[in-house]
Amino acid sequence: MANPSVANAPTSPIEADRDATRRHRAALLLVLGIAIVLPFVPPFTGQDYQRWLVGAALLAAMAVAFDFTAGYINVVNFGFAAFVGLGGYTSGLLAVDLGVSPWIGIFVGAALAGFVGLLTGMLTLRLRGIYAAVMAWFVGLAVMGLVRNLPDITRGSLGLNVPLLLDTSDNLPYYYVILGMLVVTLVVLTVVIRSYIGLAFRAIGQNLQAARASGINPTRYLVLNFALSSAFAGWLGGFYAHYYGILTPDVMLTSRTVEVLAVAYIGGRGSLWGPAVIAFPLSIAVELLRTQFANLPGLYLVLYGLLLIVVMIYRPGGVAAAARSVDEWIARRRRPEPVETPRAT
Amino acid sequence: MAILEISGVTKRFGGLTAVDNVTFSVEANEIFGLIGPNGAGKTTLLSCLAGDLRPNGGTVRLDGRDTTGLPADRMCRLGVGRTFQIPRPFPHMSVFDNVVVAAAFGDPKIQRDQVARRALDMIEYVEFPRPVTTLASHLNAAQLKRLDLARALASGPRLLLLDELAAGLTPGELTSIATLLRRIRGDGVTIVMVEHVMRLIMELCDRLSVLHYGELIAHGDAATVARDDLVREAYLGQSYIL
Chain A
1 MANPSVANAP TSPIEADRDA TRRHRAALLL VLGIAIVLPF VPPFTGQDYQ RWLVGAALLA
61 AMAVAFDFTA GYINVVNFGF AAFVGLGGYT SGLLAVDLGV SPWIGIFVGA ALAGFVGLLT
121 GMLTLRLRGI YAAVMAWFVG LAVMGLVRNL PDITRGSLGL NVPLLLDTSD NLPYYYVILG
181 MLVVTLVVLT VVIRSYIGLA FRAIGQNLQA ARASGINPTR YLVLNFALSS AFAGWLGGFY
241 AHYYGILTPD VMLTSRTVEV LAVAYIGGRG SLWGPAVIAF PLSIAVELLR TQFANLPGLY
301 LVLYGLLLIV VMIYRPGGVA AAARSVDEWI ARRRRPEPVE TPRAT
Chain B
1 MAILEISGVT KRFGGLTAVD NVTFSVEANE IFGLIGPNGA GKTTLLSCLA GDLRPNGGTV
61 RLDGRDTTGL PADRMCRLGV GRTFQIPRPF PHMSVFDNVV VAAAFGDPKI QRDQVARRAL
121 DMIEYVEFPR PVTTLASHLN AAQLKRLDLA RALASGPRLL LLDELAAGLT PGELTSIATL
181 LRRIRGDGVT IVMVEHVMRL IMELCDRLSV LHYGELIAHG DAATVARDDL VREAYLGQSY
241 IL
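Protein sequence lines correspond, in order, to chains A and B. Its first residue numbered 1, the first sequence is counted upward by one per residue in this note's numbering. Its first residue numbered 1, the second sequence is counted upward by one per residue in this note's numbering.
I should point out that these hints are in silico values taken from the structure, not numbers from a laboratory. Ideal Cβ placement from N, Cα and C applies to all residues, glycine included. Just to be clear, a hint being listed does not mean it is correct.
[To be verified] Pulled a few chain A residues facing chain B out of the computed Cβ check, cut under 7 Å:
id, residue
1, ARG194
2, TYR196
3, GLY198
4, GLN206
5, ASN207
6, ILE216
7, ASN217
8, GLY317
Kindly produce the complete structure, drawing on both the sequences and the hints.
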């Protein structure tokens, strides 16, 4: 007997919704196109705006790397900013003390951050949810404490002056570098998520016991996830260091992590692209707030807070989930109604 | 030949001995029932067999090989599938993806291009009544039970541990589950089932063990055990005797 439930079944889990994937890819390429021409459109032609764009793209890439952990294996890495800082300091110190080119240094920084991420992953293995998050946070605080209290090496709170990545202080070339890094981060992590490794991540994040009962060794995947996410954090931290030219332990502050978290959650947990896209309007809005209300520092945190509350209440899946609903609506209008809509509540 | 031999298995939680020195063996291709009152330690024992819990004492042997204390993912890849008392799907995945996970990671011998086929086969095998693209969080209790069973079967187990698969099902569903379990056994899978629904137990099980306060109080073929006075007193109660 032919079972009706498998009539229009996908032939492979990864090709599950190839049609949706194609629409999705087209939409993302369009957004990338906009991001590429944006610096030539007023008011983004000004140096201030272009500096904001660099910051936006950097925040976007960090939010993608953050979502890779929080959105899939469901562990919030509260020490995220420390891995960014670790990569930055590694690359910065290599350049300052040993004259290593920043182009090489940022990869060394990524490797070291990835290694510390791997160790952190091993530390948090036996812990669930909030405990794992707190453990990652403590690792982050410990790293920041080290950087602050080793002034002989890091110059501590005085700040470390770091050579720039490019021979110019014009923002436009930096913007294209970081945009490229954002694309690499998004593509690499998306490829991992779409693979069987990503399937294991999602299984572990949604139900650890069932994942184990299905033959998944959680240790291997948790550690791999932490290492990869941290390596990208460190890599982006290297860009941060060689773009701003100065590093202080403040890059590792928890409030930096929270900023990345806010963008990741508003953009949509477990989507990768949602955080990447939403980071641009969000951080431009934040910069505008900062300049308009210079006498009210920290107002942007209120904006993040409000947006987070709205997202949590109305769209827990963030902007990505909202976009997906729109996409499904379009798809339904093109295709005849399915026999049954899985919307029963 | 015995596929599963457990001897002296003990599990303590602090001062409470949930499973106390339990010994029995399960023959290949039989349906073995594990019954007992609530809190008797049935689920705990099953978890010790599946690797979710590590016993404090005793040994668990699978096909003669000592597997005591191996983690659940190893046990799964060694051919032990299990379902849960309260089904535990991956809530934000489709029915299909739920089963794909077990097919892809639970069977070390499967080829990658066979995974989707195996998942669909198992979904069909358990006669899953809704589209495979349905999100697991949208399923009702009976559908979740079937999904859990499909997931457990997708890893290609030789031994299937079922924890109250029939609890809360309607009489109609019960009949269909009984048919399904017979078919699974017919395909060469050994079944150990923890169950409260006596109708299903008496209908399916070749042999029974009765747990009471963590101890094995009776053991043998189903009809004999059901007549045992100790068992009646401890578990079945007056109504079943009448």
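Evaluation of the provided hints:
no., hint, in the structure
1, ARG194, "violated, 12 Å"
2, TYR196, "holds, 6 Å"
3, GLY198, "violated, 11 Å"
4, GLN206, "holds, 4 Å"
5, ASN207, "holds, 5 Å"
6, ILE216, "holds, 5 Å"
7, ASN217, "holds, 5 Å"
8, GLY317, "violated, 9 Å"
In summary, the structure is inconsistent with hints 1, 3, 8 from the numbered list given earlier, while agreeing with the others.
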